[in-house]
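Participant: Now for the letters of each chain:
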Amino acid sequence: MVALFSALDRKLLRDLWRLRGQGLAVGIIIACGVGIMIMALGSLASLKESRSTYYDRYRFAEVFADVKRAPDRMLADLREIPGVKSAETRITRIVTLDIENLREPANAQLVSLPDEGRPRLNDLIIYEGRWPNPSRSEEAIISRAFAEAHDYHPGDIVRAVLNGRARDIEIVGIGDSPEYVWTLGIGSLLPDDKRFGVFWMRRQALERAFDLDGAFNNVTVSLLPDAIEQDVIDEMDRLLAPYGAIGAYGRDTQFSNAFVESEMGQLVAMAQIIPPVFLIVSAFLIHAILSRLIAVERQQIGLLKAFGFTNTEVASHYIKMAIVLSLFGVIGGLLIGRQLARLTTHIYSDTMRFPEIVQVIDSTAYASGTSAAIFAAVLGAMSAALKAARLKPAEAMNPAPPTVYKRGGLLPAWLLDRLDEPTRMILRHITRWPARALMTVFGVAAAMSLLVGTLFAFDSTDEMIDTIYYRTDVFDAAVTFAEVKGYDAVTELERLPGVLDIEANRGVYVRFRNGVRTERGSITAIPSDSNAKRLLDHDGQVLGVAEAGLTLSSQLAEMLAVDIGDELIVDVLEGNRPTLEVFVTALTDEYIGYSAYMDLDTLGRLLGETRVFSGAYLVLDPDRAEAFSDAVLKRPQVASVALRSAVIDTFNETLEDTITIMMTIYSLIGGAIAAGVVYNAARISLTERGRELASLRVLGFTRGEAAYILLGEQALLVLLAIPIGAVLGAGFAHLIVLGMSTDLYRVPYALSPATRGFSALVVLLASIGAAGLVAQRIRNLDLIEVLKTRE
Amino acid sequence: MSDAQALLRANDADANTLLSVRGLTKVYQTGAVKVHALRGIDLTVKRGELIVMLGASGSGKSTLLNIIGGLDTPTTGTVTFMGEDITDLRPSGLTQFRRAHVGFIFQFYNLVPSLTARENVALVTEISQNPIAPEEALRMVGLGERIHHFPAQLSGGEQQRVAVARAIAKRPNLLLCDEPTGALDSRTGVQVLEALKTVNEELGATTLIITHNVGIAEMSDRVIRLSDGMISEEQAMHRRRNPSELSW
Ligand SMILES: Nc1ncnc2c1ncn2[C@@H]1O[C@H](COP(=O)(O)OP(=O)(O)OP(=O)(O)O)[C@@H](O)[C@H]1O
Ligand SMILES: [Mg+2]
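First to last, the sequence lines map onto chains A and B. Just so you know, we're using this note's numbering here: the first sequence kicks off at 4 and counts up by one. Just so you know, we're using this note's numbering here: the second sequence kicks off at 2 and counts up by one.
Do not take every clue at face value.
Selected chain A positions facing chain B (in silico; Cβ < 8 angstroms) [claimed, not checked]:
#1 D423
#2 G693
#3 E695
#4 S698
Keep in mind that the hints were calculated from the coordinates and are not lab data. From a predicted model like this one, the values you see are computed outputs, not experimental measurements. From the three backbone atoms N, C-alpha and C, an ideal C-beta is built for every residue, glycine too.
In isolation and in its complexed conformation, chain A is listed as follows:
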């Protein structure tokens, strides 16, 4: 093979042209696999690059700590901590906003800016407008997503309730910081840009508003390259303990960063799970196509060898063919992948607030996609190529010995006796070539499992919504106070219009300890017979808070390695900061975060407090919800309000936006595999049995009857594959659930009959479509030609 296009190469190209239908099917499957791989890896690279550029350029801090109130002089001590590069103190608060023509209350995270110049850490990118004037206390820069959601521009006024006083804040700029790439609405699982924004204001303005002159309640630091993060955290906790520190933490649990991180984890999981399925299926298809081709070309191979072609030349001829075939898929995949990567990064830029999404041309993604596809193709071609290499020329030049069928074989006689001959032909053909039938079953099952394994996400979301908003958090509104309050504050809320029922609660920041394991967290204390907040056990039964001891979320119990009956040390990080020893009395299953619950009275007793509360759950009269919203905003003690109905609405809107797109994309992908597999199997069957079918047509069989024999086999295999695929898909779903679950976030496993049914429908339709294409060819069978020649 010296010449660029030897005669053998020309044969290769002609063969490929002849097999273009099947080649196209394989190409599409390879293209999907490579495309998804490039999309996932490419957008991962883009996200990483966008993130690190943003973090570096705008000096995202590395350790964060909240305190109740610490004097400014502490800053010097914090800067002295070994390993700290720079430190900055701030005032941060969550407040309510009173926005015209927004029914529900909105919340803002206030963050102070130094009075002079720009922040040392967590700097802002300004998209529009200017920095607030230090001498004017009511100016703010607001986050871009919030501004876009309300079409706010510099010069507009927003009314905020600061420490009980309504204040008109002038928007002077629109900006963002690396601290808030990802934000969630209060009480929500999703970003809610209409009801949650970040406001940056000058320090002086916030000091005055919250009576924090000469003090701060938040500090962030950056680290020297050789610093040990945990040591810095420990030292900060020690220094800040007297000031109501609730525990410093690193980027790994910084809210926004942790979410971006988990999103990236999903991309990695996607790149690891989905493309291999496509590539394995493509290897099977290539195997089937080449095996058939070699059977057809048996005599030609014998001739080539007789002419002096070596075994290696013959084998590499077929491998080359597989590579050329896969290259078409690869090229398609690169193009698709590039577009998909653009699309996904675009989608990400809607939820992740990077100043720009850097489009990285990720050459490693392209290289790994290409090599994985070629590897799969060569693997698929291998056994057929070896078979061609092993053919002895003399033998090969004789026609292949006739295929031997057996009477009994795998099928019981009583079954065969009951069947008509066409059905018997189908069954004998399947059992004669079980490996091939298995591959078809596997391929179609893979399509089905991919559909089930991706579409289950909607069931999972449904399950999550249903559990959280209809079974556990069944209150209509959750109010948090700016600081702990006596029962008066609760009664005041109770008198607001529309409030039917109220249940006070108390949240306290703590550190849990079990031996060397420690976790920052909080305990939520609710009445043991709470109607508003229900805890569920592992089987979804309502648990109720035990009157004594702690009820831990199973996630937290796992992180602390404790079980029911174990004792846990709890460092309370508020008030007198007592250290408690508490038994774990129950475990509850939750999807978000890691919580701990206690009976309200029990906690009060342990803390030595009488009737203080940090918030309340409310039941509202639906007809007067608006009146409630208006009124609750004006209450001075209220820091944030979350309305269940608003949260659910946002959820449904977001879901509706994505569900059609995602279902379409997944259906196309799953359908492509099913169609490709069925088309190939049917085409191969047709080349093998064309003669047989033509002779049946001569005998008076109709086209439909002939099609039944050809396609009935595929139909049977598809019907077999669907339940197998459903089971595999459930397995996939379990894997994905495992892969997506983080400390912060657990995805429930749920799979509805509707999802299974939809997936089966997609597979069926795709298979029928592919079969239809092949059925067309039965029409064109040349009845006369086929009878002139010996097989």
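Take the given structure of chain A and dock chain B with the ligands to it, following the hints.
Facilitator: Just chain B with the ligands now, kept in the frame of chain A:
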């Protein structure tokens, strides 16, 4: 209407006529080249007749047989079968025609490799109105013993006899055989011809056999010779011989 035409009409109407072919031509257009495979064939076939068709290679025998059997359509002319013009039929009508009336036997046996001898026959009996039992059909061709063998386990002659059994099991009115012994040695060929003769006699199936073997003509009622797309010679045979008496 001329006398000759009137006579032909009368013949058509004759209850004894199974099939009549009138003015049949077939032109194949391959690129710029036209091949006149049939150039005007007129033929009347009586019920129960056994006709042998001879002719040089390329003279149009297979083409004629295929058109009569509803596998192909003529360029001009008509084929009337039991009073119905089959050249007007659409493909699905032709399928039904073959299914109900015609049995085919070809040089290559075209059995279904995944079905046993009995099942190959049953394949056809299942789609027929009034078939012979597969076992009975196989017995008629002398294969009563081997009904559970797959084609790959049978000799060429045995396979061809299965093909005969398959063709006759539906009691076809018309049995069309294109070089049925072409791939067989003389001794096996005789067995197949014996089977055809039995079928013709016991079932009364009108039989048309294409062959290159002049000797076979001796077993027929009538011999037709085709040359260059036309019937060049017709000869009635007065005494049908048994295949075993034929010389190859
Ligand atoms: N599909 C076709 N396209 C073009 N020409 C064809 C086609 N089929 C047959 N012919 C031509 O029609 C003529 C008659 O062919 P036919 O097969 O009927 O001959 P035959 O008498 O059966 O020959 P043989 O004894 O070799 O089988 C031949 O010249 C043949 O080349
Ligand atoms: Mg012929």
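Participant: Each hint: holds or not?
Facilitator: Tested hints:
1. D423: holds, 6 angstroms
2. G693: This interface hint is violated because 12 angstroms lies over the 8 angstroms limit.
3. E695: holds, 5 angstroms
4. S698: holds, 4 angstroms
Consistency note: the structure conflicts with earlier hint 2 alone.
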